[in-house]
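Enquirer: Single-letter residue listing:
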Amino acid sequence: MLSLVEKILFVIAVGVSLYYTQVTFSKMITVVQRGQGQLNLDHLPPRLWTALRALVNQGGIIRHRPVTSLFHYFIAWGFIYYVLVNAVDVLEAFIPGFHIPGMLGNLYRLLADLLTVAVLIGMTYFLVRRFLVNSAVLTIRDNVTLHPKAAAGMRTDSLLVGGFIWGHVGFRFLGTAFLVALHGGDPWQPFASLLAAPLDGLPETAQLIGWHTSWWLAIGLILAFVPYFPYTKHAHLFVGPFNFMTRPPRRALGALDPINFEDESIEQFGATTLTDLSQTQLVDPFACIMCSRCQEVCPAYTTGKPLSPSALEINKRYHIWDQMAALAGGEADESPLLEWAISPSAVWACTTCGACLDVCPVGNKPMFDIMDIRRSQVLMASEFPAELKGAFTGLERNGNPWQMTDDRLAWTKPLDFAVPTVEENPDFEVLFWVGCAGAFDPGAQEIARATATVLHAAGVNFAVLGNDETCTGDTARRAGNEYLFYEMALGNIETLNAVGADQKKIVASCPHCLHTIGTEYADYGGHYTVLHHTQLISELIGAGRLKLNGSNQLEKVAFHDPCYLGRHNGVYDAPRLTLAQAGATLLEMDRNRSDSFCCGAGGAQMWKEEEHGSAAVNETRFAEGRATGADVLAVGCPFCARMMTDANTNAGSPMVVQDVAQLVAAALQK
Amino acid sequence: MKIIVLIKQVPDTAQLSANMNGLQLMASGPRIINPWDEYAIEEGLKLREAHGGSVTLLCLGTPDAVETLKRGLAMGADEAVLISDPQLAGGDSLATARALAAAIEKIGAYDLVIAGRSSIDGGNFATAVQVAALLAAAQLSYVAAIKAIDPAAKTITVERLMEAGRETVSSKLPAVMTVVKEINEPRYPSFMQIRKAAKKDVPVWSVADLGLDAGQVGAAGSQVKWSQIDLPPTREAQVEILEGTAEESAKALVDRLLAEKII
Ligand SMILES: Cc1cc2nc3c(=O)[nH]c(=O)nc-3n(C[C@H](O)[C@H](O)[C@H](O)COP(=O)(O)OP(=O)(O)OC[C@H]3O[C@@H](n4cnc5c(N)ncnc54)[C@H](O)[C@@H]3O)c2cc1C
Ligand code: SF4
Ligand code: SF4
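So the protein sequences, as listed, match chains Z and S. Position one of the first sequence corresponds to residue 1 (our numbering), numbered consecutively onward. Position one of the second sequence corresponds to residue 1001 (our numbering), numbered consecutively onward.
Simulated from the structure, these hints should not be mistaken for lab results. Certain hints may be false.
[Claimed, not checked] Simulated pairs of lysine to any residue, SDA-like, Cα-Cα distance not exceeding 20 Å: (1) Lys389(Z) - Lys1046(S); (2) Lys1196(S) - Glu267(Z); (3) Lys1181(S) - Ala1164(S).
The whole structure should be built from the sequences, with the hints applied where relevant.
Expert: Following this line, the structure appears as structure tokens:
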């Protein structure tokens, strides 16, 4: 029990704390509101459920760094429980004789006791990891743009948060031990009892003073720290779940937001400065815990490029802290993102693989920032890698990034059956979207032929658009040329709807086409059912429509998940199933399925030189495939095929790189 | 500096293979800006950025050539003028040059006229040269680099790309210059500039506006007539892919090029 003076002091302290909390939190909210658009708060019940899930499972951290994640669960669950513990502690101190009665009380105390120790162990682990071990995954390479205050700030911040947690929980633990000593033991608090043993001999007044002091330090730390929350990464505790809760809904992980080009009042396209980013992208830096999990999975960073998605978020955070008053006061922030947040080379190194989006435990979206910066660079400043100009011109004039003017049906010539166009076969059931790669790239033409051969063998009633097909605009979009994408999307939607493709199935052997047509065209009124060719083929095999040659057993095959099939669109099983059906013994690379590592072609990288780094993305990935000991590296994307084939040639390895469709076509009974 | 850039709208000859004969392509088919003229615009913009002044685009063509002028405006030019009149149809390079020269005189007080090396359709390599003669201005063709320019002293020194090498030439301004692709890398217009350009007015001048007679321009004013245009015959090419590692295939390539006496 607190004395009357203490109670009055406590009420005053709470008042002061709440006042300053309101001041700093409204600053944080005002800064977020400087961003574009709105946070999404519609459909509140499912959103709250999302937030709760993120809070409890901690954004699914256990998928990576399992040991660290385990210790983090200790702290996180302990802290969630401590909301209750703190409330009970205050009630006990205020209301004479208050306690949770009976067995419930016993269990409550037992859990508090266990979680207290869990938090202390967890926090010790993190402090040792950051300050004694100096874990390499927490450092950022020095070719990456980093805010001048970040390097030291990250350490101070960690120390502050660690100290706060240790202090709060540690003093609460000590206070409980004094209470246990005063009451002569509590079997339901084994750890507190252990600590109480040496305190037992102290005079009662000393024990009482000990409890009072500990209580004030434990609760006082909370009251002192809460207003300071927006200035530390500890805010991730609630901003993380809030971030998941208020994100815009997306049809696919990395589906980009459209721009309204018809609205003449819009003067800013993409993001040049911080406040050009959307509000949800301004929540990100407050949520960021600086764990660099995103950096660890980034194909650009891990191959030595100057891009670190975590550095981007960290820079935003330190920039905001520096300018918090000015930003909250509505002052214009003129400093370009490219000067302090991320370097131009880093912006152009992103493969849009989406790994950073997928892995971030607090729902951050660094890839979207990068895409917004590309948009402003192309649409406003016209500054981008010179090689992309060729791809843009090709898309404008020839409808493909290769600047090819050849017949889009040339790939069909070597086939011993005719591939009908939609004019020749208007009653098709499946539209085979060949894609620019399938039409023009010699390697991908093989894949297109294999796909057509399998469809033909299964008696599928299909057709192609032939010379009416043009690029989906994926390259333009990922390269920031949203206007060009917009024009191509409208043109393709018109073509597709004219042949009734919106009423039928579309099959694509290119995941980039699948993603663009299947998930992104919807924003422009194009709604299509697009299947990856492996999805259709496994269906056909399952239905007994393909006779596969049992004797021609495939050897050991490892499948490389394409980013735009797997992570972005969630298709992992169909290609594996197809391979198994075709008689392959499947091996897995270390990084597979949603952890797959990019081939290096995505995000318009295919059309430019790789940014300078220490290794090539494709060779890094290929080496991983080779390490499985498989005979065949199976791919499901013409660009992956190209990247892996190049790496295979460079490595002079005996491995074979082939698309799943090619493997199935080879296994067809003649 | 007052700079005038001559740009021509041409058929996209890269699209020739798409089942079209020459005359059809000349009459219809997708249109683009003559590729060399993009380099001329870029050089004009760079000079303006360095020395101030303005860049005016001038094109003689059919009414739809305004699209080509808009593309040039989107690259950053200040103004554009289209010379268009049914009387201009069927003009040879001299007749075209007469109209262009008259328009340049109408714009007046220019320091430099920049044109492309040649067009990808007519390919006369002559129009700009004839413009220079008609204007009695200095004529600098095949420019690969501007070494020095002094708008106040009205002098220019350029490097010309000849078959046998490079030649440095100085002259007085005003001058008419044609450029080759080595001179720069043309910029890609941003959407903001495309939107701004779309709102700009492009005046259209007729033969009468230029103070010329119908007999001086178009087919009537031309010595050269086109009776027929054919596509070049397609050449059968053989493709061979050299297998092996990068080093092996590079070596094999060099051996083959030596054997074929190409290098
Ligand atoms: C079959 C045929 C039909 C034609 N019909 C028409 C017609 O209907 N209407 C019409 O206006 N012209 C017409 N012309 C004229 C023609 O298009 C050219 O303008 C003229 O012949 C210039 O020669 P060139 O294309 O070989 O240019 P080149 O001498 O090879 O070009 C050198 C440079 O001169 C400049 N230049 C050339 N032409 C123009 C131009 N027109 N405007 C601005 N700058 C230019 C460019 O900078 C170009 O890079 C016709 C020509 C042909 C062959
Ligand atoms: S953005 Fe997410 S994954 Fe990256 S450092 Fe911040 S919290 Fe970690
Ligand atoms: S999308 Fe991929 S390449 Fe781009 S920043 Fe994220 S992890 Fe790195």
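Enquirer: Determine for every hint whether it applies to the structure shown.
Expert: Evaluation of the provided hints:
1. Lys389(Z) - Lys1046(S): Between Lys389(Z) and Lys1046(S) the Cα gap is close to 19 Å, so the pair holds against 20 Å.
2. Lys1196(S) - Glu267(Z): Holds, at about 11 Å.
3. Lys1181(S) - Ala1164(S): Between Lys1181(S) and Ala1164(S) the Cα gap is close to 17 Å, so the pair holds against 20 Å.
Going down the numbered hints, you'll see the structure goes against none, and every one checks out.
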